[in-house]
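Protein chains: 2
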Amino acid sequence: MSISILSISFKSINFTVSSFRLFDIYNYMPKIKNRKIISRTNLFRVDQLDINFDTGQDRQYEVICGTGNGAVMVIPILDSQIIFIREYAAAIDDYSLTLPKGKIDDGETVMQAANRELQEEIGYKSGNLEFLYLLDLAPGYINHKTNIVLATSLTPSKLEGDEPEDLDIVKCKTSDVAEFLSGEKNIDSRVLSSLYILNNFLKKNG
Amino acid sequence: MSISILSISFKSINFTVSSFRLFDIYNYMPKIKNRKIISRTNLFRVDQLDINFDTGQDRQYEVICGTGNGAVMVIPILDSQIIFIREYAAAIDDYSLTLPKGKIDDGETVMQAANRELQEEIGYKSGNLEFLYLLDLAPGYINHKTNIVLATSLTPSKLEGDEPEDLDIVKCKTSDVAEFLSGEKNIDSRVLSSLYILNNFLKKNG
Chain A
17 MSISILSISF
27 KSINFTVSSF
37 RLFDIYNYMP
47 KIKNRKIISR
57 TNLFRVDQLD
67 INFDTGQDRQ
77 YEVICGTGNG
87 AVMVIPILDS
97 QIIFIREYAA
107 AIDDYSLTLP
117 KGKIDDGETV
127 MQAANRELQE
137 EIGYKSGNLE
147 FLYLLDLAPG
157 YINHKTNIVL
167 ATSLTPSKLE
177 GDEPEDLDIV
187 KCKTSDVAEF
197 LSGEKNIDSR
207 VLSSLYILNN
217 FLKKNG
Chain B
17 MSISILSISF
27 KSINFTVSSF
37 RLFDIYNYMP
47 KIKNRKIISR
57 TNLFRVDQLD
67 INFDTGQDRQ
77 YEVICGTGNG
87 AVMVIPILDS
97 QIIFIREYAA
107 AIDDYSLTLP
117 KGKIDDGETV
127 MQAANRELQE
137 EIGYKSGNLE
147 FLYLLDLAPG
157 YINHKTNIVL
167 ATSLTPSKLE
177 GDEPEDLDIV
187 KCKTSDVAEF
197 LSGEKNIDSR
207 VLSSLYILNN
217 FLKKNG
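If you read the protein sequences in the order shown, they are chains A and B. Take our numbering: the last position of the first sequence gets the number 222, and nothing is skipped along the way. Take our numbering: the last position of the second sequence gets the number 222, and nothing is skipped along the way.
Excised from the complex, chain A in its bound form (with noise of 0.2 angstroms):
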């Protein structure tokens, strides 16, 4: 932490950033001292880790740990409209406006699962797979990643699911999804992740 008051401030040919700490950051990283795994349930893994800085200061940290191969959400534009789903989401004990996803099953790619969750969730596969990013949850606490995939080339085509009940459907128009969404309640947060990719992706790409 000796270098920590350096200043930085670079401009590239885009943008502007200024920055503290810029170097520290690249070659130091806090000690993992100990870990250990203090719950498991089926789904989830609790490890708690002392962990030491450079400061000399020790935390500990409680981390929620997936235990499986990560998930995948996934945009389908059919006609210039997105395809969201609302489902029973039982953590809020509430019905949820989110889209097709699911978890990654073993031996299957990405790719697979967003075909598969596709044709499960909302009856369609896709000709055109895109990966957009891989999205960290809440990296402070919970490691949890899922892959956003863009599918377009849709044609109907099913899949039965492990899903409980048929998934609610709603379509809208790419360009209305904003206010859409303000009446919305219950957005999983991923959505809102995903929406943001997507419209800084179709700047780029158009």
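Think of the hints as simulated: they come from the structure by calculation, not from any bench. Using N, Cα and C, we set each Cβ at its ideal position, and we do this for glycine too. Do not take every clue at face value.
[Unchecked claim] Which chain B residues stay away from chain A? Per the calculated CB distances, all over 10 angstroms, these:
no. : residue
1   : Asn85
2   : Ile93
3   : Thr125
4   : Arg132
5   : Glu136
6   : Lys141
7   : Glu146
8   : Ser169
9   : Pro172
10  : Lys174
11  : Leu175
[Said to hold, decoys possible] Subject to a maximum C-alpha distance of 30 angstroms in a straight line, what follows is the list of computed DSSO-like cross-link-like pairs (lysine-lysine):
no. : chain 1 : residue 1 : chain 2 : residue 2
12  : A       : Lys220    : B       : Lys219
13  : A       : Lys219    : A       : Lys141
14  : B       : Lys220    : A       : Lys189
15  : A       : Lys141    : A       : Lys174
16  : B       : Lys220    : A       : Lys201
With chain A held as given, fit chain B onto it using these hints.
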């Protein structure tokens, strides 16, 4: 589920949405038949839920429950620049790009927590805090909620926080944020959700 075949489409003043099962959603809820705590640590609780759906199907879920008052994430804007932070994120054992954030303490309002975190993490207080959105992290399996707050009218003011090391403060012009983020790794997904919300807010409110 008897009217689940019903197809509805309506046109409001501003947007068109088509949806199936719209009536069902508002009149029907799956029933929690049994709920039990299967794990409890200092920070997390995992509940197991047995849910009965109208289709006659039963499902068992595990959900992560927060044990506090929720969290706040603040978007500080000063001189047309957003102030981000880079902070050690224990769940991924790496540095993460995020925004000033933290738990809401007992007895604290959302706005008090927002202004405290600002002073602890970036050394500013805000004379103009605006609540933007209540974010549902991943309502299918975690009930954590994060209040997104916009902070302007910033003036220097430092409070001692409980951070184990100084945070790396990164400022970026609002117009350059998308470009800046494309070169960043380990971005907290709530930053992306917040920026989506912010963009929509600024479009509406100038």
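| task | Tell me, in ascending order, the numbers of any earlier hints that this structure violates. | result | The structure breaks none of the hints.
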